[in-house]
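Modelling step: build the complete structure from the supplied sequences, incorporating the hints.
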Amino acid sequence: MKRLALTGICKQYPGCMANDNIDLVVTRGEIHALLGENGAGKSTLMKIIYGVVKPDAGEFLWEGERLSVSGPAHARRLGIGMVFQHFSLFETLTVAENIALSLPKEESRDMATLSRRISEISSRYGMTLDPHRYVHTLSVGEQQRVEIVRCLLQDIKLLILDEPTSVLTPQEVKGLFATLNQLASEGCSILFISHKLDEVTELCHNATILRQGKVSGHCNPQDVTSHEIARLMVGDDTPLNQDYQKVEGGKVVLDIADLNFKSDDPFSCSIKKLNLKVKSGEILGVAGVAGNGQDELMRLLSGEQSTDADAIRLLNKNIGDLNPVERRQLGFAFVPEERLGRGAVPDMSLEQNTLLSSAHLGLVKSGWINFEKVKQLGQHILDKYKVKSAGLNAQAKSLSGGNLQKFILGREIEQNPTLLACSHPTWGVDIGAAVLIRHALIELRDKGAAIIVVSEDIDELYQICDRLCAICDGQLSPIKNTQDVNIEQLGQWMAGQFTSNDQPVVTGENAYV
Amino acid sequence: MFKLEKRPFDSKTMSYCSPAIALLLTLFFGGLLFLSLGHNPFEALYTFFILPLSDAYGLTELGMKVAPLLLCAMGLSLCFKAKIWNIGAEGQFIMGGLGGGFMALQFLNAESSWVLIPILLFGAVCGLAWAALAALLKTKFHANEILTTIMLNYIALNALLWAVHGPLKDPDGFNFPESAMFADAAILPLLHQDYRLTIAIFFGLFAMVAIWTLLSRSWLGFQIQVLGEDKAAAQYAGFKENKLVWFALLVCGALAGLAGVSEVVGPIGQLIPYISPGYGYAAIIVVFLGRMHPLGILLASMLMGLTYMGGEMVQIEMSLPKSITGLFQGMLLFFLLASDLLISYRIVKTNKEKRDHSAASRSAA
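Protein chains in written order, with my numbering: chain A, 145 to 657; chain B, 8 to 372.
Simulated from the structure, these hints should not be mistaken for laboratory data. Some clues are possibly wrong.
Said to hold, decoys possible - Sample of chain B residues at the chain A side, in silico, Cβ under 8 Å:
| # | residue |
| --- | --- |
| 1 | 16 |
| 2 | 224 |
| 3 | 225 |
| 4 | 226 |
| 5 | 227 |
| 6 | 229 |
| 7 | 233 |
| 8 | 236 |
| 9 | 237 |
| 10 | 239 |
| 11 | 240 |
| 12 | 242 |
| 13 | 243 |
| 14 | 244 |
| 15 | 245 |
C-beta: ideal position from N, C-alpha, C; glycine also.
Structure below.
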C-alpha cells in the first residue's frame, strides 16, 4: 500500500530550482533513504512533506488521498513526524516538559499520565529515557531520543529523520537502527536522510537519489555498491574519495601538557588534564560526539580562550597565554567550526574576509590597509581552491557551505602555518568540495605542517588522519596510530570507556618488557 | 491580499530608497498635520522647508545647525558601526559646552584668539571624559551602554543647570541663570561678518573626512566594523574588543564635546541653561537617515538642520509652536525605521484563488 506518493513536485526559489519535477513513493513499513549532496533539494522536499514549504506544482497523495499539507500541525495530525538535524529542545526544561510543549492542550495538561506514556513508549522501543531529567543533562544521543519519542507519542505513520546519525557514536547508531527496524516492522514508514552510504545500505529498503533538484536515480541499496550510489549523487565529473598514505610525523610542534579548563558557562564542558602532542608532517584526529569538550579545546588552541602559559607549547615556546593575533604571528592557523559568524563575517565581502585573519602577512602597513595586496591574496584563494562565487565583492553569506569552507580553509592554508587546527573540516559540505578540502589538508601535511583535526565524521578521520584519539567529557583517550585503532575501540573511546591515565602503546626500543 | 516575504538577499536599492520614502511620508503626514491645524498644507510645508533657505542668511544659518549635527553624527556613526549604542552624544555635547565655557570664563580679559585653543581642547576633553565613564562602565562592569549613556545625559544637563544657577552665574547678571559674556577673543571666528556661521563648520567637515578615511582605509576602522558585524569573528581574529570600545566611545565623546564648546563659544557666546536644542539626539536620526555613510550623514544633517529652522520659521510666520520641529524629526525616524523593513522584506501579493483551493482540499481531507 502506498503511504505517500509525490508526483511532479516543483519548488522554485529566487535564483534556483530547489525541486524540479520530483517523484517519490513510500510504502507502508518501508525504510526509504533520501540521498543527495548539500543543495540537492533534500531539505526542501522534506519541508514540503512536513508542510513547512508549499510546492509550486505537483501532486501530493497521502494514503491515496489528494491533499495539500497546510503546516506542521496539519502534518502531525496526518501522522507525519519529523526529527530535525538541529534539535528544538529547551535545555532548562525536563524531558516531559519539552514534549508537553509540542502536544495539544488536552494531552499536555496531565503531566503524570504524560510521563507514564513517555516511559512506556521509550522502553517499548528500547530507548531508555527518564521523563524527569533536565535536557541539558542528556547526551546528544539521548536528546535525539526525546525528539523521536515526541513523534511516537502521536499515532505515527511516517517518520522523517534528517541526518540522524551525524551526532551519534557507532554504538548509538546501532541502537537507533534497531528502533527504526522495529518501528518499520510495525508498519510505520520511515524516510531516512543521510549522506553516509554504508548506513543506507545497512538499514534502508529503497533509496531515492537527488542531484541538483532532480531525481537522479532510484535503487535498492542492497543490490548496488556505495560507489554506484555515490556516482548518482555527484555525477560523473567529480573525483571520489581516495585513501591517503599514513605517515610518521617528525618533531613535536604542539605540546599540550596537563591542560585544565573550567568554564563559567554551566552548559559547557570542562577540560580535564588533557595531554597531547602533534608532530610536524602528521594529522592528528580527535573523534568525539559533539559537546564533549571539542569546542573548548579548539578555543584554547586558537587563543580565543587563554590559559596558563606553559599548558600549551608551540615548538618549545610557551603560548598558552597568548592572544590569537600573537599565536598567528608564530605560525598558527585555525579553521573554526562555525563558518558564517566566526570564520567569516556574513555581511562582509570575500575581500574583507580575506583580511580578517591575514593582516600579519604584510596586508597592513603602519595601520593602513593595502587593498592591492588583499585583492591579490583573495583572488589567489578563490582560484586555487576553486571557490565558486560572484567574485571578491560577493558577501560571505552568499556562498554555499562548501564553497565558504574552501575559502576559509584556503585563507588559513595560504598563511603557510606550522600548525593548523581544524574543526569539522567537511561537515555539511558536498562530496566534491570535501575531496578538495581533504586533498588540501594532506598537501599541507606533506609540506611539513602539523595538523590537528576535530571531527564527528569517523570515516573521514580514518581516511586522512595518521594518528587518532577521541574526546569524551573533556578527557582525552589514548592516542594511537590510525592502523592500530579499530572502529569498535574508537566507538568505546567516544563513549568514554578509557581511563585517562591510559598511556599510548609504547613501541620500539623504549618498551620495557 | 498582501503579505511580507523575506528577501533572499537584502536589497541595496531599497536601503537607499528607504530614506527618500521616509521623507515623502513625513511630508505627506506633515501636510496632514498642518491641514488639521487649519493651515494650507502646501503653504505651510513651503514655509517649513523652502522659505528658510531662500537667502544667503538662511543658508549660513543652516550651516550653523549642520556643524554640531555633523560632529555628533560622525562620532556616533563610529560607535554604531561597532554596534555600540551610544545615546549619549547629548550629554557629551553638554559637558563639552560646560567645560569649554568654564575655560572661556577664565579668559574674560583675553585679547588674543590663541585662548581658543585651550578652550576648544578642554571642551573636547570634557566630552571625551563623559564618554569615558560610559566606556568604563561597559568594559569593566558590562553595563549596557544605552542605559548608562541616557542616564549620563540627564546628569550632564543637571550639571549645566547647577553651574549656571550657581558657581558660574554672572555676578553682574541681575541673578539671571547665565554666565558672563565671553571675551571677543574667546569667540570662534566668523566666516563672514554679516552672518553668524563660524569656522565650526570646518570642524564638522574635517571630522567627516577623517572618520571616512579611518573606516574605509585603516586597520583600526576595519576592526571596528568587524566587531559590529560579528563579535565571534572579531574574537576569532583576535581583535581586542575592549580597546575598540574605548576608542569608538572616546572619539565620539571628543567630537560631541567639540561640537558643544563650538556652540557655546560660537553663536551663544555665554553659558545658558539650554545650550543644545537636542543636537545629540537628532544626530542619532541623522546617522540612520544617512545610512551610516559619511556623505549620507552630511545630507541628512542638512535635512535635520532644516527641521530646526523650519520650526522657527512656522513659529514666526504662522505662529505655530516651535515644537513642530520635534514632530517632524520623530516622524522622519519613525517612517525611516518602518521603510527599513523593506530592505530585508518585500511585499508580495498572495494568490487568492490558490488559497481558496488549498482551503477546499484541506476540508476535503
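Tested hints:
1. Interface restraint check: residue 16 (chain B) against chain A, minimum CB-CB distance 7 Å, threshold 8 Å, status holds.
2. For the restraint placing residue 224 (chain B) at the interface with chain A, the shortest Cβ-Cβ distance is roughly 6 Å, inside the 8 Å limit, so the hint holds.
3. At its closest, the beta carbon of residue 225 (chain B) sits 6 Å from a beta carbon of chain A; the interface hint therefore holds under the 8 Å criterion.
4. Nearest Cβ of chain A to the Cβ of residue 226 (chain B): about 4 Å, under the 8 Å cut. The hint holds.
5. Hint status for residue 227 (chain B) relative to chain A: holds, with the closest Cβ pair at about 6 Å, below 8 Å.
6. The beta carbon of residue 229 (chain B) is positioned within 8 Å of a beta carbon in chain A (closest approach about 6 Å), and the interface hint is therefore held.
7. Interface hint at residue 233 (chain B): satisfied, since its Cβ lies 6 Å from the closest Cβ of chain A, which is below the 8 Å cut-off.
8. For residue 236 (chain B), the shortest C-beta to C-beta distance to chain A is roughly 5 Å, which falls under 8 Å, so the interface hint holds.
9. With 8 Å as the threshold, the beta carbon of residue 237 (chain B) comes within range of chain A, its nearest partner Cβ sitting at about 4 Å, so the hint holds.
10. The criterion of a C-beta within 8 Å of any C-beta in chain A is met by residue 239 (chain B), whose closest approach is roughly 4 Å, and the hint holds.
11. Because the closest C-beta pair between residue 240 (chain B) and chain A is about 5 Å apart, less than 8 Å, the hint holds.
12. Given hint, residue 242 (chain B) at the interface with chain A, holds; its Cβ is 5 Å from that chain's nearest Cβ, closer than 8 Å.
13. The restraint placing residue 243 (chain B) at the interface with chain A holds, with a minimum CB-CB distance near 5 Å, inside the 8 Å limit.
14. At a threshold of 8 Å, the smallest CB-CB gap from residue 244 (chain B) to chain A is about 5 Å, leaving the interface hint in force.
15. For residue 245 (chain B), the interface hint holds, since its Cβ comes within 8 Å of a Cβ in chain A; the closest pair sits about 3 Å apart.
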